[in-house]
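Residue numbers (the working numbering), protein chains in the order written: chain A, 1 to 486; chain B, 1 to 217.
Please keep in mind that the hints were generated in silico from the structure rather than gathered at the bench. Heads up, the beta-carbon is just placed ideally off N, CA and C, and yes, glycines get one too. Mixed in with the good hints, there may be bad ones.
Quick list of simulated restraints, FRET-style, between CB atoms [stated by the list, open to error]:
# : chain 1 : residue 1 : chain 2 : residue 2 : range
1 : A       : Pro482    : B       : Glu211    : 26 to 32 Å
2 : B       : Ile133    : A       : Ala115    : 58 to 64 Å
3 : A       : Asp103    : B       : Pro174    : 33 to 39 Å
4 : B       : Glu165    : A       : Lys463    : 41 to 47 Å
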Amino acid sequence: MQPKVTLLSPDLISQIINEAFQLLLEPGIKVKHPEARAMLVEAGARQDEANEIVMIPEEVARKALDTVPGHFTLYNQEGEKAVQYGGDAVHFDPGSSGVNVLDPDTLEHRPAISADLIKVIKIAESLPQYDAQSTALVCSEIPKEIGDLYRLYLVLRYSRKPVITGAFRAENTEIMIDMLAILSGGRQALINRPRAVFDVCPTPPLIWSQFGSQNLIDLARAGVPAQIVSMPLAGVAAPVTLLGSVVQHAAECISGMTIHQLAKPGSPIVWGGAPAIMDMRQGTTPMGAVETALIDAAYAQVGKSFGFPTHAYLGASDAKLVDYQAGMESSTTALIGALAGINMISGPGMLDFLACVSPEKLIMDAEAIGMIKRTLEGVRVQTQPLAAGMYGGIDFKGGFLKQRLTNQLFQKEQYLPSQVIDRGSIRTWQVGGGLDTFARAKARREELLAGYQLPEIPSDQEKELTQMVAGLAAKAGLDKLPVLNQ
Amino acid sequence: MSEELFEAMAESILEGEDDEAIRLAQEALVRGIQPLDAINLGYVPGMEQIGKQYSCGEAFLPQLVLAGEAMKGALKILEPEMVKQGVGRELAGTIVLGTIAGDIHDIGKTLVGTMLTVAGFRVIDLGVDVPVISLVEKAREEKADIIGVSALLTTTMANQRDVIEALEDLGLRPGIKVMVGGAPVTRDWAEEIGADGFSEDAVGAVAIARELVAAEE
């Protein structure tokens, strides 16, 4: 039995959904994309064209929502099933689009470059706790015109895992889909076995921008999974109450899914988000706040009531160093998300309001995720009877270590942490240099990087992909791609 | 008797009651109280107090924003009267504020505007997605000391440079200073484009704005 947290009663879920449908009519949704508005109007919505507002009746939205697939699978480089969106399956991927990295030695936050992203990809590749990669960092030395697709290029070169990604500009979405198609063996093969999910963001409150709408339409038509990242900011760009923000989240997701399904019914799309409360002292948006996690867990429950796949941004911290606050915020919020049965949880590795990635934190977060995944397995009946059959020959002594059953079952019962987690005696710890968690993560980083192996990509595909990206880079003013090391 | 009215004005700011602040401003005019006195002896002490409370963690953003709204309400009543009399209030400075063209992020910029209003600046907030030329024209028209430009996207951040270049082309530099802010904006970036001020947050922006105005005088 997978343990769960449920925050909403069935009545409350109904009320949230009813109010979301009310918002779709009053004040309506601002859709800054003429074609998207036209599609909605043709489906039965009304529009105030001058103000770019669309009023979407419930029956119009519901008809579109009916065609959203409840499940889809992401495949790895070898074409094997790797991530299951839908139901209560829980997966983790590193947080994405950080701009800085935490230098593990100087503890400076400095702008990320390609070498940093490659390191993060290699680490995420080597840790089984991460089910998917993300395009984790924006590389500062790369021209902005190709910043989004270049990140994807590095992930595709260095990883076998599925990818959570997204475009920064509308014209690059198609290019990124083509890049994925090269490795999948064509666009149709990519539709059959999707490797990546693309994040698409509405603008709070209740706005679908030109870019966001275009992305929804392009992804739907390409049949590539889209993931709505709705970001109600409680008390600033959304109602201050957690439930008020959950209603707004629902309205933004429903309107986005409606546009998406009208563009192509049956295309896969995820009910996701990255909401936050606002810190009313600092004017910041804490991703590590427990209320942020509560909004996520609540909206996930709403999405599940429709039968949609779910996503959230959790497991990140607002701390500037990988310290107690970082560990506490990351593991608390990740656990809440996991107990809510959220299919994809993005955020591990991140600090400073999602601005900074620490490769060492990614390694430490993996241990938290290991324990969280173990928690989701719950307590299982491994033997019958549960205990009564195991006392033969024990004679009131601690002889269970000698039992074959102990050897057979301990690995099923226990999550075995890496050396990052210190469970040694005080003397073992002292002999090992008296290292703290961060120092142990640095040591583990070296082990992981040493053991990393490049994925084997058919050489013609690799050549085609690299030529394509090199061509785009040249157009953006980059003479040659940075040299990729092993 | 004006003392009581002034106290009530300060209170209306502290409580963030814009209706009450407006009503008191109207009452002051009816009673023949100088609008400048109403501002300086009534409302400004309220703003100063809420600002202080915020700085030491006793007041929070929603209170600050509501205080700013109440202040704006009172000024709307009092300023036309001051124009008639030909008097002006003592300002910390005038700042034209906006989020740069192509960028619709509103929150940080608005917060900076509120903080500057609280600190006694005249703030002309042009909103979001503001063309460079609008910022520059407005600053010239209003004889602004500072233009504040926000950008939340790495892609729109580059346009901050255009504001400085436009001011230079029109010969308005260094008279009009430029402050930049927004999530991707760093001190290095501010230096690279030749901005005069940069802050990580709204509180810091006020200190920078004060420094820039002081340097000018």
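Structure-based check of each hint:
Distance hint check: the CB atoms of proline 482/A and glutamate 211/B are about 40 Å apart, inconsistent with the given range 26 to 32 Å. Remark: the range hint 58 to 64 Å for isoleucine 133/B to alanine 115/A is contradicted by a beta-carbon distance near 40 Å. Here the CB-CB span from aspartate 103/A to proline 174/B is close to 36 Å, well matched to the stated 33 to 39 Å. Between glutamate 165/B and lysine 463/A the beta carbon distance is about 43 Å. The supplied range of 41 to 47 Å therefore holds.
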